[in-house]
Amino acid sequence: MSAKKLNLKDKYRLLTRDLDWEYSYADRKKAFPYEEFEGIKITDWSKWEDPFRLTMDAYWKYQAEKEKKLYAIFDAFAQNNGHLNVTDARYVNAIKIFLTGVSPLEYQAYQGYAHVGRQFGGAGARVACQMQSIDELRHVQTQIHAMSHYNKYFDGFQDWTHMHDRVWYLSVPKSFFDDARSAGPFEFLIAISFSFEYVLTNLLFVPFMSGAAHNGDMATCTFGFSAQSDEARHMTLGLEIIKFLLEQHEDNVPIVQKWIDKWFWRGTRLLSIVAMMMDYMLPNKVMSWKEAWEVYFEEAGGALFKDLARYGIRMPKFVETTEKEKEHISHQAWWIFYNYGHAAGFHTWIPSDEEMDWLSEKYPDTFDKYYRPRWELAKKMEAEGKRFYSQALPQLCTTCQIPMGFTEMDDPTQIAYRSSDYEGEKYHFCSDGCKHIFDQEPEKYVQSWLPVHQIYQGNCGGASVEEVLRDYYKLNLGADNLDIKGSPDEQRWKEWKGVA
Amino acid sequence: MTYEVTVEPTGDVIEVEEGQTILDAALRQGVWLPFACGHGTCGTCKVQVVEGDADLGNASPFALMDVERDEGKVLACCAIPESDLVIEADIDVDPDFEGYSVEDFTARVISTVDLSPTIKGITLKLDNPITFQAGQYINLEIPGVQGSRAFSIANSPSDPSIVELHVRLVPGGAATTWLHETLKEGDELSLSGPYGQFFVRKSDVKDVIFIAGGSGLSSPQSMILDLLEQGDTRQIYLFQGARNVAELYNRVLLTELAEKHSNFHYIPALNAPTAEDQWQGFTGYVHEAAIDHFDGKFTGHKAYLCGPPPMIDSAISALMQGRVFEADIHMEKFLTAADGADSETRSALFKRI
Ligand SMILES: Cc1cc2nc3c(=O)[nH]c(=O)nc-3n(C[C@H](O)[C@H](O)[C@H](O)COP(=O)(O)OP(=O)(O)OC[C@H]3O[C@@H](n4cnc5c(N)ncnc54)[C@H](O)[C@@H]3O)c2cc1C
Ligand code: FES
Ligand SMILES: [Fe+2]
Ligand SMILES: [Fe+2]
Ligand SMILES: [Zn+2]
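So the protein lines, in turn, are chains A and B.
Position 467 of the first sequence, counted from 1, bears residue number 467 in this note's numbering, the numbering being contiguous throughout.
Position 282 of the second sequence, counted from 1, bears residue number 1282 in this note's numbering, the numbering being contiguous throughout.
Quick caveat, the hints were computed from the structure, so don't treat them as lab data.
One thing to keep in mind: the hints can contain errors.
Said to hold, decoys possible - Every beta carbon over 10 Å from chain B, so not counted as near; a handful from chain A, in silico:
1) Asp10
2) Tyr25
3) Glu36
4) Met56
5) Glu65
6) Gln79
7) Thr236
8) Ile242
9) Ala300
10) Ala309
11) Arg310
12) Glu327
13) Pro442
Stated by the list, open to error - Below are the SDA-like pairs computed for lysine to any residue, each with C-alpha atoms no more than 20 Å apart in a straight line:
14) A/Lys306 to B/Ile1353
15) A/Lys9 to B/Glu1326
16) B/Lys1206 to B/Pro1095
17) A/Lys9 to B/Lys1206
Note that the structure is predicted; figures quoted are calculated from it, not measured.
Every residue, glycine too, gets a C-beta built ideally from N, C-alpha and C.
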């Protein structure tokens, strides 16, 4: 018989391991300078199991096919004036948040994976990260193309990269990824591949994608499915990195646990914006945030952490707090935006009577008791021509950068304040989770670029808030911001739909 | 009309009957291919057709994409050959898997003994010799019972005309009740085998730990007999779990083996000994006996687990906390129809666990 043919695994092995050079005249440690400082111990890179065995030519073939299908749908969407098929003009504000808050994270992911794809000593890990890096670049590109159609018809899409780098609430997602990318390569993978892409991804993508499907937005829905087909690979990378680190050395276990604690909490804070999107911004609701949290975190995450317990890993710290927060967080977040609607790059509104009934039904223990009265009051004031906007700039949490509006979870009438002193300065936090994260690495978080501080320090131009919004954030005042009611978006929508 | 299918990279050749799927034929002929759902929805059994034509059968469009169809990929669990084929599968050739072919046998009962109040030992003589790897199992047909039932072979492969089974009576179980109450010497039964990926990875020289619960002694007994017969010198530890002394069967046999072979260590554990038992040995669950013996540190061992799913679950946790991981843990879970019923959410962290 002739020599045995190679199987796919061996072929992939040859492809990757051939990239593993012997360091005969150079110092290996200098070639991979970031591999040790986090304290992670790798004893044998050959134990890395390639999470997906995809050769480069197969990769391009698959991706080309996906692109072809996707752009055919985008073209059809544009030709058929697809924007007219969405449920109503309010819906589009959800995807303004996506374009300004999430798509730039795809770009950050592209940069982050390109960076760590150079830094790991193991060739398998390097190749996996490089492939994901290209995926993420594709994601951001397809999203920009999908959204460019909406940019022709609605306000708030025009300066999304600029806004992402400057606007106060967009510093929440931006600082999340900055934090991950400025960490070491192993922490980056635990943060993004494991905690975010594996544990929490369904809470980001499912709401946006099914939200799009339920609200007639074919473009967003399709780029979502196309991106999701890459996610199976990204999620397996998340699983491989955690298994690999936990199996390589027992000293890695407490380090990984610390990172899981940190990134789980950072992730839940980031998702508060998704929570309010689901409960308040979608004209056709998919499910409540609370239900999504129960299905995608409590059930699926529960099974995962049951398996991880075999390695000596426990549930993330502060998971008990999230169990209470699922009842409150979406209501409090939308309330913050309603109060600062003049400073946002999208429109806000008071939930309609039917929407409030839906919220009562989904949140029987909290909505009528704590949140309905607020909205009824806002409605009354609006009817009397007294729509209010908070003029004072809010204090921000030093860790998650969200305005300090979240409450104690055992007393939803009491705003939660935590603080730490570090080198003679006081730092403020929205929660025990955020304080804990700061206390672990104060030297990192004292450098946070907090938008409100920056305004007060005069680093964002103009003397007045209005100047900052107009000149520094480049918000198109009177068009991008304020209530949907009376906005140019709403006027155009009514004209297209022929309603008065 | 049959077609010949060559499976790369191993070069194995299988005969596929008219209308038979590639997967069914492969498994029947001892060629292992990855599979899970068995009916075209999960995509686990995807293979590349290199030469020849096949009908795709009921492959779901989500499990087999359009591009993949164009590239000649098929799902082995539903693809039916329309000519001789060469296929390429994503298989790790386990260097220790012998791949003996599955055959049908007629067997005569030559003895039945009550090994314990709940476990019956059944010895069968086969019409033809069976070639199997110690640790594998057979599927047994029981008169008047729908479908076959899996039982592991407890004897060493050195006598290929004999199959010895240890059958635990499952309360309310159709087949095991019949085997316990109706079966008698001289009866004839049909069975097929051998099946399974539970066998000793002999090429790996690490010392081995067996953890057996209840009738889960069957496979380990066969594997240990085989190792010792072959003069294997690695250290072999057997932890056998039972409720009490009456349930602790084959104790004499195993104690004698341990006396004869200095590299075989036998550690029985009882979790509920009675007062009359006057038990001097380890009291507690079988995985706790292993923790106790190794002081919780298992590094450098391979582990083979066999028995009821809850026992296996505890043993895996104990081993992993003692830093032996998935790649070195092999197991046979004695699943019954009751286990399939509760399908709780599963994480994707482990492949085989
Ligand atoms: C690979 C393998 C090897 C094995 N080796 C051995 C061995 O060596 N020795 C051994 O003793 N056992 C072994 N087993 C276990 C053995 O196969 C089962 O105990 C046997 O199949 C039970 O068959 P039964 O007909 O008696 O029970 P069944 O009639 O199949 O019922 C089993 C149990 O499930 C309940 N049940 C039935 N149907 C359902 C349903 N739809 N939903 C919920 N509950 C249901 C019944 O009430 C009963 O309690 C092995 C199993 C596997 C998978
Ligand atoms: S085994 Fe699931 S598709 Fe074939
Ligand atoms: Fe992405
Ligand atoms: Fe991703
Ligand atoms: Zn915070």
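Verification of the hints:
Taking the minimum C-beta to C-beta distance to chain B, about 8 Å, the non-interface status of aspartate 10 of chain A is violated against the 10 Å cut. No Cβ of chain B approaches the Cβ of tyrosine 25 of chain A within 10 Å, the least distance being about 35 Å, so the stated non-interface status holds. With a least CB separation of 21 Å from chain B, glutamate 36 of chain A remains clear of the 10 Å interface cut-off, as annotated. The beta carbon of methionine 56 of chain A is kept farther than 10 Å from every beta carbon of chain B, the shortest such distance being approximately 16 Å.
With a cut of 10 Å on Cβ distances, glutamate 65 of chain A falls inside the contact zone with chain B, its closest approach being about 5 Å. Distance to chain B confirms glutamine 79 of chain A as a non-interface residue, since its nearest Cβ pair spans about 24 Å, more than 10 Å. The claim that threonine 236 of chain A lies off the interface is violated: its Cβ sits roughly 8 Å from the closest Cβ of chain B, which falls inside the 10 Å cut-off. Chain B draws isoleucine 242 of chain A into its interface by the beta-carbon criterion, the shortest separation being 8 Å against a cut-off of 10 Å.
Some Cβ of chain B comes within 10 Å of the Cβ of alanine 300 of chain A; the nearest lies about 6 Å off, and the non-interface call is violated. The claim that alanine 309 of chain A lies off the interface is violated: its Cβ sits roughly 7 Å from the closest Cβ of chain B, which falls inside the 10 Å cut-off. At roughly 4 Å from the closest C-beta of chain B, the C-beta of arginine 310 of chain A falls inside 10 Å, breaking its exclusion from the interface. Annotated as non-interface, glutamate 327 of chain A keeps its C-beta farther than 10 Å from every C-beta of chain B; the closest such distance is 23 Å.
For proline 442 of chain A, the non-interface assignment is confirmed: its Cβ lies about 33 Å from the closest Cβ of chain B, beyond the 10 Å cut-off. For the hint linking lysine 306 of chain A to isoleucine 1353 of chain B, the alpha-carbon distance of about 13 Å falls within 20 Å, and the restraint holds. Distance check on the hinted pair: lysine 9 of chain A and glutamate 1326 of chain B sit about 18 Å apart at the alpha-carbon level, within 20 Å; holds. Restraint check: the Cα-Cα separation between lysine 1206 of chain B and proline 1095 of chain B comes to about 15 Å, which is no more than 20 Å; the hinted pair holds.
Simply put, lysine 9 of chain A and lysine 1206 of chain B have alpha-carbon atoms about 25 Å apart, too far for the 20 Å limit, and the pair is violated.
Going down the numbered hints, you'll see the structure goes against 1, 5, 7, 8, 9, 10, 11, 17, while the others check out.
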